[in-house]
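So the protein lines, in turn, are chains A and C. To convert a position in the first sequence, counted from 1, into this note's numbering, add 62. To convert a position in the second sequence, counted from 1, into this note's numbering, add 1.
Since the hints were made in silico from the structure, they are not lab data. Keep in mind that the hints are not guaranteed to be accurate.
[Stated by the list, open to error] Think about it this way: if two alpha-carbon atoms lie no more than 30 Å apart in a straight line, the pair counts; the simulated DSS-like pairs of lysine-lysine are:
(1) Lys117(A) <-> Lys128(A)
(2) Lys69(C) <-> Lys126(A)
(3) Lys128(A) <-> Lys69(C)
(4) Lys43(C) <-> Lys76(A)
(5) Lys43(C) <-> Lys128(A)
(6) Lys2(C) <-> Lys117(A)
(7) Lys69(C) <-> Lys101(C)
(8) Lys76(A) <-> Lys103(A)
(9) Lys2(C) <-> Lys69(C)
(10) Lys126(A) <-> Lys43(C)
(11) Lys76(A) <-> Lys69(C)
(12) Lys101(C) <-> Lys82(A)
(13) Lys69(C) <-> Lys103(A)
(14) Lys117(A) <-> Lys69(C)
(15) Lys126(A) <-> Lys101(C)
(16) Lys126(A) <-> Lys82(A)
(17) Lys103(A) <-> Lys2(C)
(18) Lys128(A) <-> Lys103(A)
(19) Lys2(C) <-> Lys76(A)
(20) Lys43(C) <-> Lys103(A)
(21) Lys69(C) <-> Lys82(A)
(22) Lys76(A) <-> Lys126(A)
[Claimed, not checked] Over 10 Å on every C-beta distance to chain C, these chain A residues come out as not near it, computed from the model:
(23) Gln68
(24) His69
(25) Pro70
(26) Gly78
(27) Leu106
(28) Glu125
(29) Ala134
(30) Thr142
(31) Asp150
(32) Gly168
(33) Asp169
(34) Gly170
(35) Ile175
Every residue gets a Cβ at the ideal spot worked out from N, C-alpha and C, and that includes glycine.
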Amino acid sequence: GAVVSQHPSWVICKSGTSVKIECRSLDFQATTMFWYRQFPKQSLMLMATSNEGSKATYEQGVEKDKFLINHASLTLSTLTVTSAHPEDSSFYICSAWTGDQPQHFGDGTRLSIL
Amino acid sequence: KQEVTQIPAALSVPEGENLVLNCSFTDSAIYNLQWFRQDPGKGLTSLLLIQSSQREQTSGRLNASLDKSSGRSTLYIAASQPGDSATYLCAVPISGGYNKLIFGAGTRLAVHP
Numbered sequence: 063g064a065v066v067s068q069h070p071s072w073v074i075c076k077s078g079t080s081v082k083i084e085c086r087s088l089d090f091q092a093t094t095m096f097w098y099r100q101f102p103k104q105s106l107m108l109m110a111t112s113n114e115g116s117k118a119t120y121e122q123g124v125e126k127d128k129f130l131i132n133h134a135s136l137t138l139s140t141l142t143v144t145s146a147h148p149e150d151s152s153f154y155i156c157s158a159w160t161g162d163q164p165q166h167f168g169d170g171t172r173l174s175i176l
Numbered sequence: 002k003q004e005v006t007q008i009p010a011a012l013s014v015p016e017g018e019n020l021v022l023n024c025s026f027t028d029s030a031i032y033n034l035q036w037f038r039q040d041p042g043k044g045l046t047s048l049l050l051i052q053s054s055q056r057e058q059t060s061g062r063l064n065a066s067l068d069k070s071s072g073r074s075t076l077y078i079a080a081s082q083p084g085d086s087a088t089y090l091c092a093v094p095i096s097g098g099y100n101k102l103i104f105g106a107g108t109r110l111a112v113h114p
């Protein structure tokens with residue numbers, strides 16, 4: 063149980079493109095979903111927190127207009143990287159939280175912007 | 002502000018050795034501490050969760066201890082195997098928080114036959 067599916071697992075696209083990443087909790091309802099970013103050989107950094115039906119809250123230094131988060135249901139959150147540039151290339155990981163620990167993590171999405 | 006440090010950054014050992022990975026955090030007022038495993042290019046697998054009221058947790062060959070007062074946790078891996086090769090991350094909630102996690106940079110472990 064407690065499976066989080068993240069899609070796509072890998073995406074390569076041209077600079078200026080917008081990319082959408084989905085995070086789904088398959089067998090449970092998530093009160094909250096978190097989005098993390100991980101640069102090579104660095105640790106995970108929390109980008110934003112999304113709660114179903116309300117606006118996401120972003121961590122300091124994360125551009126909310128660049129990284130659009132939608133949490134339309136208790137099982138789905140999406141992260142859209144708008145007008146992506148090479149510096150946005152990273153590994154993005156979501157996690158889903160039921161209100162009880164621990165968080166359940168997806169397998170991540172590797173984003174490469176050419 | 003909570004900060005998490007992991008030592009060593011990398012470790013290479015022969016199979017069968019017992020290992021200790023270290024994690025330290027600056028704000029001792031934590032609700033819990035978690036240890037995760039991350040394989041290359043993959044997401045995170047939760048290994049052990051220690052509540053603030055607990056001193057240690059065990060799962061198979063893994064044992065994690067927590068000393069809140071000193072801001073330290075250790076992950077002990079007994080009889081290491083090549084399949085244990087991965088990056089091990091520890092994480093604690095942000096200062097004053099419960100569900101937002103702050104991660105250490107991890108220890109990259111390589112166990113060779």
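Results for each hint:
1. At roughly 15 Å between alpha-carbon atoms, Lys117(A) and Lys128(A) fall within 30 Å of each other, so this suggested pair holds.
2. Between Lys69(C) and Lys126(A) the CA atoms are separated by roughly 35 Å; this puts the pair beyond 30 Å, and the hint is violated.
3. Taking the CA atoms of Lys128(A) and Lys69(C), the gap is about 38 Å. The hint is violated against a cut of 30 Å.
4. Among the hinted pairs, Lys43(C) with Lys76(A) is consistent with the structure: their alpha-carbon atoms are about 23 Å apart, no more than 30 Å.
5. For the hint pairing Lys43(C) with Lys128(A), the CA-to-CA distance comes to about 24 Å; that is within 30 Å, so the pair holds.
6. Distance restraint check for Lys2(C) and Lys117(A): the Cα-Cα separation of roughly 25 Å lies within the 30 Å cut-off, and the hinted pair is therefore satisfied.
7. For the hint pairing Lys69(C) with Lys101(C), the CA-to-CA distance comes to about 18 Å; that is within 30 Å, so the pair holds.
8. Straight-line distance between C-alpha atoms of Lys76(A) and Lys103(A) comes to about 24 Å, which keeps the hinted pair within the 30 Å bound.
9. A distance of roughly 16 Å separates the Cα atoms of Lys2(C) and Lys69(C); the hinted pair therefore holds under the 30 Å criterion.
10. Proposed proximity of Lys126(A) and Lys43(C) is supported: the alpha carbons are some 26 Å apart, at most 30 Å.
11. A distance of roughly 47 Å separates the Cα atoms of Lys76(A) and Lys69(C); the hinted pair therefore is violated under the 30 Å criterion.
12. The hinted pair formed by Lys101(C) and Lys82(A) meets the criterion: a straight-line CA distance of about 23 Å does not exceed 30 Å.
13. Taking the CA atoms of Lys69(C) and Lys103(A), the gap is near 28 Å; set against the 30 Å cutoff, the hint holds.
14. In summary, the hint linking Lys117(A) to Lys69(C) is not supported, as the alpha carbons are separated by about 34 Å, beyond the 30 Å threshold.
15. Note on Lys126(A) and Lys101(C): the hinted pairing holds, with a Cα-Cα distance of about 18 Å set against a maximum of 30 Å.
16. Using a Cα cut-off of 30 Å, the hinted pair Lys126(A) and Lys82(A) holds, with the two alpha carbons roughly 14 Å apart.
17. In summary, the hint linking Lys103(A) to Lys2(C) is supported, as the alpha carbons are separated by about 23 Å, within the 30 Å threshold.
18. Of the pairs offered as hints, the one joining Lys128(A) and Lys103(A) holds, with about 24 Å between alpha carbons and a cut-off of 30 Å not exceeded.
19. Only pairs whose Cα atoms come within 30 Å are accepted, and Lys2(C) paired with Lys76(A) is rejected, the gap being roughly 38 Å.
20. At roughly 13 Å between alpha-carbon atoms, Lys43(C) and Lys103(A) fall within 30 Å of each other, so this suggested pair holds.
21. Pair hint Lys69(C) plus Lys82(A) does not hold up; C-alpha atoms about 40 Å apart against a cutoff of 30 Å.
22. Between Lys76(A) and Lys126(A) the alpha-carbon distance is near 21 Å, which keeps this suggested pair within the 30 Å criterion.
23. The claim that Gln68(A) lies off the interface is violated: its Cβ sits roughly 7 Å from the closest Cβ of chain C, which falls inside the 10 Å cut-off.
24. Every Cβ of chain C is farther than 10 Å from the Cβ of His69(A); the closest lies at roughly 12 Å, confirming the non-interface assignment.
25. The beta carbon of Pro70(A) is kept farther than 10 Å from every beta carbon of chain C, the shortest such distance being approximately 13 Å.
26. A cut-off of 10 Å between C-beta atoms confirms that Gly78(A) is not in contact with chain C; the least separation is 26 Å.
27. A beta-carbon of chain C is positioned within 10 Å of the beta-carbon of Leu106(A); the least distance is around 5 Å.
28. Distance check on Glu125(A): its Cβ is at least 19 Å (rounded) from any Cβ of chain C, clearing the 10 Å threshold; non-interface status holds.
29. For Ala134(A), the condition that its CB be more than 10 Å from all CB atoms of chain C holds, with the nearest at approximately 20 Å.
30. Remark: the non-interface label on Thr142(A) is consistent with the geometry, its nearest Cβ contact in chain C lying 20 Å away (cut-off 10 Å).
31. For Asp150(A), the shortest C-beta to C-beta distance to chain C comes to about 18 Å, beyond the 10 Å cut-off, and the non-interface label holds.
32. The beta carbon of Gly168(A) is not kept farther than 10 Å from every beta carbon of chain C, the shortest such distance being approximately 5 Å.
33. Separation of Asp169(A) from chain C is inadequate, the least Cβ-Cβ distance of about 4 Å not exceeding the 10 Å criterion.
34. Consistency note on Gly170(A): stated as away from chain C, yet its beta-carbon is not over 10 Å from all of that chain's, at 5 Å minimum.
35. Residue-level check passed: Ile175(A) sits 17 Å from the nearest beta carbon of chain C, beyond 10 Å.
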